[in-house]
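Sequential numbering of the sequence shown, starting at 546, is according to our numbering.
It is worth saying that the hints were derived from the structure and are not from the lab. Check each hint, because a few of them may be wrong.
Label-pair ranges, simulated between beta-carbon atoms [to be verified]: (1) Pro698 x Ser828: 37 to 47 Å; (2) Pro794 x Leu693: 35 to 45 Å; (3) Ser699 x Thr596: 56 to 66 Å; (4) Gly837 x Asp581: 47 to 57 Å; (5) Asn842 x Glu625: 48 to 58 Å; (6) Ala580 x Pro776: 30 to 40 Å; (7) Gly864 x Arg701: 36 to 46 Å; (8) Arg554 x His784: 17 to 27 Å; (9) Gly837 x Pro666: 35 to 45 Å; (10) Val646 x Val576: 12 to 22 Å; (11) Arg697 x Thr596: 49 to 59 Å; (12) Gly819 x Glu875: 23 to 33 Å.
For each residue, glycine too, the CB sits at the ideal point set by N, CA and C.
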Amino acid sequence: MASKLEEIRQAQRSQGPATVLAIGTATPSNVVYQADYPDYYFRITNSEHLTELKEKFKRMCEKSMIRKRHMLLNEEILKENPDMCAYMAPSLDARQDMVVVEVPKLGKEAAAKAIKEWGQPKSGITHLIFCTTSGVDMPGADYQLAKLLGLRPSVRRLMMYQQGCFAGGTVLRLAKDLAENNRGARVLVVCSEITAVTFRGPSESHLDSLVGQALFSDGAAALVVGADPDPDLERPLFHIVSAAQTILPDSHGAIDGHLREVGLTFHLLKDVPGLISKNIETSLAEAFHPLGIYDWNSIFWVAHPGGPAILDQVEAKLGLNHDKLKASREVLREYGNMPSACV
546 MASKLEEIRQ AQRSQGPATV LAIGTATPSN VVYQADYPDY YFRITNSEHL
596 TELKEKFKRM CEKSMIRKRH MLLNEEILKE NPDMCAYMAP SLDARQDMVV
646 VEVPKLGKEA AAKAIKEWGQ PKSGITHLIF CTTSGVDMPG ADYQLAKLLG
696 LRPSVRRLMM YQQGCFAGGT VLRLAKDLAE NNRGARVLVV CSEITAVTFR
746 GPSESHLDSL VGQALFSDGA AALVVGADPD PDLERPLFHI VSAAQTILPD
796 SHGAIDGHLR EVGLTFHLLK DVPGLISKNI ETSLAEAFHP LGIYDWNSIF
846 WVAHPGGPAI LDQVEAKLGL NHDKLKASRE VLREYGNMPS ACV
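Could you put together the complete structure from these sequences and hints?
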């Protein structure tokens, strides 16, 4: 009986490692330029009388190393929803009404591009992982996306809400496990983020909220992941050799988000970059030493572009060549921090 069970399990598993078979991305058409954003932000939130705070925000934007961001929210939408422009006005209903529609729509754009690049029928998608920090609903955004794309009713879905930036790595780990433990699986992974849940006016007593207003943006990314690719039909881009996750020591409360009547509130400690750089080498050693990798300049880096200080301090701590974080800095410059969608 045991040998028969093992035979069944072997037949269910893939032979090789998970591979990324296609990538798709999407952003809203509305573009905001960082150099102009402080004037726009303080005007649209009726906060121009807070002159000193505006100057602080200008300096935040200048130091962000961001050139432009894409956002669903434009002046017309914000004028129709003035409570979203206050710092703490009840506005969750209006925010939810937007994101439950727009998050799956933006995700569809990215997913359709990934499926097209993959080059196979969408009926070949066996699993769907959807991730967003932007709103919560039931049926979830995974269900809505499956309907929008016309995926099979039997597609096996996993929905992740309210996980923040780190979820971009989490979905890769989950996709790897699904692809390697379900022979023939083709996993569609979608992250879609819209800042309509976090946008709010400035507060002189909560500068951490202003940091988020200077960094965060909207975007979606999608992957098709599978093991044992068909060489005649599929073109693997990357192998997912290993995946790991850890909680940093003394990191409780470093980054918090809370869904309230006023939307999703965002709070962070001042020295998040220092916390990350302090622990980065230990985390890398735990993940890469078992693979025989000890030289951090020998690997291809796709670091989450959480902000310039994080990238600078990680680079300095590890002694990375300057070009190692080039891709992350490019995404930060041209798109800002799109939480889970960045990676």
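Status of each hint after checking the structure:
1. Pro698 x Ser828: 37 to 47 Å: Since the Cβ atoms of Pro698 and Ser828 sit about 40 Å apart, the hinted range of 37 to 47 Å holds.
2. Pro794 x Leu693: 35 to 45 Å: 42 Å, holds
3. Ser699 x Thr596: 56 to 66 Å: 59 Å, holds
4. Gly837 x Asp581: 47 to 57 Å: 49 Å, holds
5. Asn842 x Glu625: 48 to 58 Å: 51 Å, holds
6. Ala580 x Pro776: 30 to 40 Å: 48 Å, violated
7. Gly864 x Arg701: 36 to 46 Å: 43 Å, holds
8. Arg554 x His784: 17 to 27 Å: With a Cβ separation near 23 Å, Arg554 and His784 satisfy 17 to 27 Å, so the hint holds.
9. Gly837 x Pro666: 35 to 45 Å: The hinted range 35 to 45 Å holds for Gly837 and Pro666, with Cβ atoms some 39 Å apart.
10. Val646 x Val576: 12 to 22 Å: Holds - the Cβ-Cβ distance for Val646 and Val576, about 21 Å, lies within 12 to 22 Å.
11. Arg697 x Thr596: 49 to 59 Å: Because 57 Å falls inside the window, the suggested range holds.
12. Gly819 x Glu875: 23 to 33 Å: Holds: the Cβ-Cβ distance is about 24 Å, inside 23 to 33 Å.
Hint 6 from the earlier list is the only one contradicted by this structure; the remaining hints agree with it.
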